[in-house]
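Novice: Here the protein sequences line up with chains F and W, keeping their order. Sequential numbering from 1 applies to the first sequence in this note's numbering. Sequential numbering from 1 applies to the second sequence in this note's numbering.
Hint data in this document are derived by calculation from the structure and do not stem from the laboratory. Among the clues, some could well be false.
In this list, chains with the same sequence are indistinguishable; a pair is considered to hold if it fits within one copy or across any two.
Unchecked claim - Using 20 Å as the maximum straight-line C-alpha spacing, the simulated SDA-like pairs for lysine to any residue come out as follows:
| hint | residue 1 | residue 2 |
| --- | --- | --- |
| 1 | K142 | I167 |
| 2 | K68 | V108 |
| 3 | K142 | I387 |
| 4 | K163 | L255 |
| 5 | K374 | S358 |
| 6 | K163 | L66 |
| 7 | K333 | E60 |
| 8 | K146 | H67 |
| 9 | K363 | P141 |
| 10 | K163 | A256 |
All values reported here derive from a predicted model rather than from experimental measurement.
Number of protein chains: 2
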Amino acid sequence: MAVGLNRLPRLRPVAGIRLGSAPFSSKGTHRNAITVLSIDEGASSAAVFTRNAFCAAPVEIARAHLHKAAPRFCLINSGNANAGNGVRGVEDTLLTCKALAQHAGCSVAEVLPFSTGVIGEPLPVVSIGDAIPRAIALLSPKGWAKAARAIMTTDTIPKGMSKITQIQGHPITVTGIAKGAGMIRPDLATMLAFVATDANVNEDGLRQILQYAVERSFNRISVDGDTSTNDACVLIATGQSQLPCIDSTDSIEYLACRDTVTEVCTHLAQAIVRDGEGATKFVTIEVDGGRTEEECRQVAYAIAHSLLVKTAFFASDPNWGRIVAALGRAGLKGLNVNRVSIFLDDVCVVERGGRAASYTEAKGRAVLSQDEVKVRADLGRGHASSIVWTCDLSYDYVRINAEYRTW
Amino acid sequence: MAVGLNRLPRLRPVAGIRLGSAPFSSKGTHRNAITVLSIDEGASSAAVFTRNAFCAAPVEIARAHLHKAAPRFCLINSGNANAGNGVRGVEDTLLTCKALAQHAGCSVAEVLPFSTGVIGEPLPVVSIGDAIPRAIALLSPKGWAKAARAIMTTDTIPKGMSKITQIQGHPITVTGIAKGAGMIRPDLATMLAFVATDANVNEDGLRQILQYAVERSFNRISVDGDTSTNDACVLIATGQSQLPCIDSTDSIEYLACRDTVTEVCTHLAQAIVRDGEGATKFVTIEVDGGRTEEECRQVAYAIAHSLLVKTAFFASDPNWGRIVAALGRAGLKGLNVNRVSIFLDDVCVVERGGRAASYTEAKGRAVLSQDEVKVRADLGRGHASSIVWTCDLSYDYVRINAEYRTW
Numbered sequence: 001m002a003v004g005l006n007r008l009p010r011l012r013p014v015a016g017i018r019l020g021s022a023p024f025s026s027k028g029t030h031r032n033a034i035t036v037l038s039i040d041e042g043a044s045s046a047a048v049f050t051r052n053a054f055c056a057a058p059v060e061i062a063r064a065h066l067h068k069a070a071p072r073f074c075l076i077n078s079g080n081a082n083a084g085n086g087v088r089g090v091e092d093t094l095l096t097c098k099a100l101a102q103h104a105g106c107s108v109a110e111v112l113p114f115s116t117g118v119i120g121e122p123l124p125v126v127s128i129g130d131a132i133p134r135a136i137a138l139l140s141p142k143g144w145a146k147a148a149r150a151i152m153t154t155d156t157i158p159k160g161m162s163k164i165t166q167i168q169g170h171p172i173t174v175t176g177i178a179k180g181a182g183m184i185r186p187d188l189a190t191m192l193a194f195v196a197t198d199a200n201v202n203e204d205g206l207r208q209i210l211q212y213a214v215e216r217s218f219n220r221i222s223v224d225g226d227t228s229t230n231d232a233c234v235l236i237a238t239g240q241s242q243l244p245c246i247d248s249t250d251s252i253e254y255l256a257c258r259d260t261v262t263e264v265c266t267h268l269a270q271a272i273v274r275d276g277e278g279a280t281k282f283v284t285i286e287v288d289g290g291r292t293e294e295e296c297r298q299v300a301y302a303i304a305h306s307l308l309v310k311t312a313f314f315a316s317d318p319n320w321g322r323i324v325a326a327l328g329r330a331g332l333k334g335l336n337v338n339r340v341s342i343f344l345d346d347v348c349v350v351e352r353g354g355r356a357a358s359y360t361e362a363k364g365r366a367v368l369s370q371d372e373v374k375v376r377a378d379l380g381r382g383h384a385s386s387i388v389w390t391c392d393l394s395y396d397y398v399r400i401n402a403e404y405r406t407w
Numbered sequence: 001m002a003v004g005l006n007r008l009p010r011l012r013p014v015a016g017i018r019l020g021s022a023p024f025s026s027k028g029t030h031r032n033a034i035t036v037l038s039i040d041e042g043a044s045s046a047a048v049f050t051r052n053a054f055c056a057a058p059v060e061i062a063r064a065h066l067h068k069a070a071p072r073f074c075l076i077n078s079g080n081a082n083a084g085n086g087v088r089g090v091e092d093t094l095l096t097c098k099a100l101a102q103h104a105g106c107s108v109a110e111v112l113p114f115s116t117g118v119i120g121e122p123l124p125v126v127s128i129g130d131a132i133p134r135a136i137a138l139l140s141p142k143g144w145a146k147a148a149r150a151i152m153t154t155d156t157i158p159k160g161m162s163k164i165t166q167i168q169g170h171p172i173t174v175t176g177i178a179k180g181a182g183m184i185r186p187d188l189a190t191m192l193a194f195v196a197t198d199a200n201v202n203e204d205g206l207r208q209i210l211q212y213a214v215e216r217s218f219n220r221i222s223v224d225g226d227t228s229t230n231d232a233c234v235l236i237a238t239g240q241s242q243l244p245c246i247d248s249t250d251s252i253e254y255l256a257c258r259d260t261v262t263e264v265c266t267h268l269a270q271a272i273v274r275d276g277e278g279a280t281k282f283v284t285i286e287v288d289g290g291r292t293e294e295e296c297r298q299v300a301y302a303i304a305h306s307l308l309v310k311t312a313f314f315a316s317d318p319n320w321g322r323i324v325a326a327l328g329r330a331g332l333k334g335l336n337v338n339r340v341s342i343f344l345d346d347v348c349v350v351e352r353g354g355r356a357a358s359y360t361e362a363k364g365r366a367v368l369s370q371d372e373v374k375v376r377a378d379l380g381r382g383h384a385s386s387i388v389w390t391c392d393l394s395y396d397y398v399r400i401n402a403e404y405r406t407w
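Same shape as in the complex, but just chain F (with noise of 0.2 Å):
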């Protein structure tokens, strides 16, 4: 069902990364399964985490293993969120930390730990410990593909992207995988990103790229509205290339390094959106015209949301009066809705507030029978613009939700 997205493309491995993927046993009916990402000794880590007050017991581990230490390992689990599990979540999840830090040899603070899958049933704890010396066996520079296939829940086909970009004569790689499928908004989603990189980056300058990216892809989609208890983004730098120490935010390498990771992110989040569970349909949101940035975000949310709008989206109706409606609800001080104008594709739908003149239904519906819509709304006040990237709300949606953790 995933909107343009065809089979993985070639994920080149990254120096100083490997992955294994190993299957562990659940009474559940889902996809169950651990990967073990290892990092080199002298890499840089960044990451973000959810804004949910109440998040994973995973990510307040992480979040504490990161100011720590240096990370070695990333402990990702499939199929259990270890959210909503208290005090014993907590305990949970630090045990699998232990039981990979044994095997690994490195402290419990150099591992970071990553679920995803439901929320409020208590971590299968021993089937976890069971299969980390099966993953660490597996640990290739050539296991991303693997480890993307590993980490999805109701996605429905696996996302990845690599990039060499040649910086200073040196080939630089970005390569980064991620899952996601519901509970997709900004503040991050249910949405699990790993993206590594051999530039050679301090951990300041690897936190606002990762920043500067994660700001312009993955909190620019929304499939559902909804925020997940355990959304993480993890970036980290090896910096096994060839090329020099990247020291200044300033510099040319810098910004080639952050345009890099930024297109692996966009391309990522984008997968995200197209694979949103029940998606038939993969729009563009548009906002221009603002007096500010915030503001056009604000209009592009407010449509992106929009059940009725997902839903005609879903009909292939270009039921423009949904699209005026949530935009006139995204609460703009003294809209001048006169000066409003919306198109679909290249097709002007509405001009100063009302039916554009020029426009027929026919149009809108040769625009909307695509798979891939863009809705441009030009508020006509400023020159600021956003955009956000969602899907149709379809039947598919309410049948994976309602059906999803029936065991």
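Mind docking chain W on chain F? Use the hints.
Specialist: Just chain W now, kept in the frame of chain F:
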């Protein structure tokens, strides 16, 4: 499909109010009817309207007319919202007001127009004009039930309620009708409500009663989180009962009248949710233990708007993890999740932020198998509380909204 809604109860006439409804022809396949509600001279009226910036032409005009004159007529049409039609929309609505004013022998400013239906189609002015004399010919104090049907769009059942209360030995009648179905959320909804009483209340007092009642009824419901361009709620006091004029807002008479109006509005608001598009469950969300009513409402709406929570309810799945996740993303500062408890009816599901020791899946399923469910969240940090009514999200919501407007 409406949850726990039986057929329309007996609607009592309100002295001084007459209603007449007549169908009109239009190209749509939907219900098209007008209703004329006539108000005897000497009545007080108050109204609240949508806060959507893209409010419909009739909303603009009704607001303006209400400032100019005491209304003598409401002119309501279903089938067409006359929203998003720019200047032409305003002209068209004025034409229909003029047509009614001519037939009825009043000034144009004494007519309040209301429209509900499809956005962005021109108002069928000629057909409405033709129907006006037919509706006027049918004006009757007993016209409430027919009007409740005539104002419906995707509603499956007409909504109305009467309540007679004794104040100082005088019977006071409050009768109201409403329509809703989709695009329902706070700040009013795609909702029209007309409530009248034969009590004698001045305009100031009436405005306060309306604010009070709406805040506790129509502003406490959510079907899909969308705010319509056309919402309006009108309250009329004809003053034709024997009870002397209620002048003081401190008097027992005022409070009795206010509470009766609130009771009628609450019934109508809940009826809108019970008949929400595709609704199979009526869900009460009560949030207690907050620092302020505002933050309780914020949490209640975060839960009510979560598609994941709503699809779980549809599946009768006690997926409390989704409730926890929605609560966590409500944006409360400094929320200590370890103090949060969640109940499904009387079953404690979450205590101290984790699954309650006494909770079993069977207990949760038993609650969720009912048509009416209460979710209660205790934030454990104060004494404020708030309540919101919502419904589940079903296949039918998607079907109705993917098919609506398909001619």
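Novice: For each hint, tell me whether it holds in the structure or not.
Specialist: Hints, one by one, checked against the model:
no. : hint        : in the structure
1   : K142 / I167 : neither (23 Å within a copy, 82 Å between copies)
2   : K68 / V108  : within (10 Å within a copy, 74 Å between copies)
3   : K142 / I387 : neither (34 Å within a copy, 53 Å between copies)
4   : K163 / L255 : within (15 Å within a copy, 70 Å between copies)
5   : K374 / S358 : within (19 Å within a copy, 50 Å between copies)
6   : K163 / L66  : neither (26 Å within a copy, 63 Å between copies)
7   : K333 / E60  : between (38 Å within a copy, 17 Å between copies)
8   : K146 / H67  : neither (29 Å within a copy, 68 Å between copies)
9   : K363 / P141 : neither (50 Å within a copy, 48 Å between copies)
10  : K163 / A256 : within (12 Å within a copy, 71 Å between copies)
Of the hints listed earlier, those the structure fails to meet are numbers 1, 3, 6, 8 and 9, in rising order.
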